Amino acid sequence: MTQGTEMTDSIVSKDALVGTWKLVEVKSVDNQQKISYPYGENPVGYTIYTQEGYMSSSIIMRNRLGLGLPIQEIFNMAYGGKAKITNLFKYLRATVRYIQAGNKYASYICKYEIRDNKLIYHIEVSLVPDFIGTDLEMAFEISEDTLVITRLYGDNKDNSVIASWQRVS
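With our numbering, letter number 159 in the sequence shown gets 173, and the count goes up by one each step, no holes.
Calculated from the structure, these hints are not laboratory results. Certain hints may be false.
To be verified - Here are the simulated EDC-like pairs of lysine to aspartate or glutamate, each with C-alpha atoms no more than 20 Å apart in a straight line:
| # | residue 1 | residue 2 |
| --- | --- | --- |
| 1 | Lys171 | Glu158 |
| 2 | Lys28 | Glu155 |
| 3 | Lys41 | Asp169 |
| 4 | Lys41 | Glu55 |
| 5 | Lys171 | Glu151 |
| 6 | Lys132 | Glu158 |
| 7 | Lys28 | Asp169 |
| 8 | Lys132 | Glu66 |
| 9 | Lys28 | Glu151 |
These numbers were taken from a predicted model, which means no experiment stands behind them.
Work out the full structure: start from the sequences and follow the hints.
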């Protein structure tokens with residue numbers, strides 16, 4: 015988002031939020047005002063909000079390492095297929111890469127509501143199992159086709175994650 019862009023916080027209806035949004039940037043700001051980019055400086059992601067109150071979102075870091083296995087072997091690993099002992103090293107390497115890839119990927123599905131100009135997610139599906147059944151409350155601003163969502167975290171809520179999105183539909 016460019017500096018000087020006017021944002022409004024008067025959104026109380028879902029109408030301005032409903033649609034598909036493409037990720038522009040995700041940054042984390044700590045309590046010392048140090049900025050980092052948890053998904054790199056050029057992440058990929060989409061969020062979809064429906065009029066019925068559902069939201070689905072996925073964010074990834076670009077250029078994550080592949081697992082190094084043919085697609086069929088990945089399906090075998092994922093769905094209970096037998097691993098051959100002769101391929102043990104290959105599967106261990108793939109498992110490590112899978113963990114690394116998951117560390118730079120966020121995905122969840124939820125019901126959402128707007129209350130007191132805050133966006134509240136009621137998480138139903140998540141890559142991180144601990145999020146399921148929790149509520150996340152965030153500040154949000156919409157101006158024209160830009161959506162900025164800010165989530166405070168930390169013991170004193172003095173750290174933030176800021177995601178900027180551009181409307182695509």
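A quick look at each hint next to the structure:
1. Among the hinted pairs, Lys171 with Glu158 is inconsistent with the structure: their alpha-carbon atoms are about 29 Å apart, more than 20 Å.
2. A distance of roughly 12 Å separates the Cα atoms of Lys28 and Glu155; the hinted pair therefore holds under the 20 Å criterion.
3. Distance restraint check for Lys41 and Asp169: the Cα-Cα separation of roughly 19 Å lies within the 20 Å cut-off, and the hinted pair is therefore satisfied.
4. With a C-alpha separation of about 8 Å, the suggested pair Lys41 and Glu55 falls inside the 20 Å cut-off, and the hint holds.
5. Proposed proximity of Lys171 and Glu151 is supported: the alpha carbons are some 12 Å apart, at most 20 Å.
6. As the CA atoms of Lys132 and Glu158 are separated by approximately 18 Å, the hinted pair is consistent with the 20 Å bound.
7. For the suggested pair Lys28 and Asp169, the alpha carbons sit about 31 Å apart, so the restraint of at most 20 Å is broken.
8. With a C-alpha separation of about 18 Å, the suggested pair Lys132 and Glu66 falls inside the 20 Å cut-off, and the hint holds.
9. This hinted pair checks out: Lys28 and Glu151 have alpha carbons roughly 16 Å apart, not beyond 20 Å.
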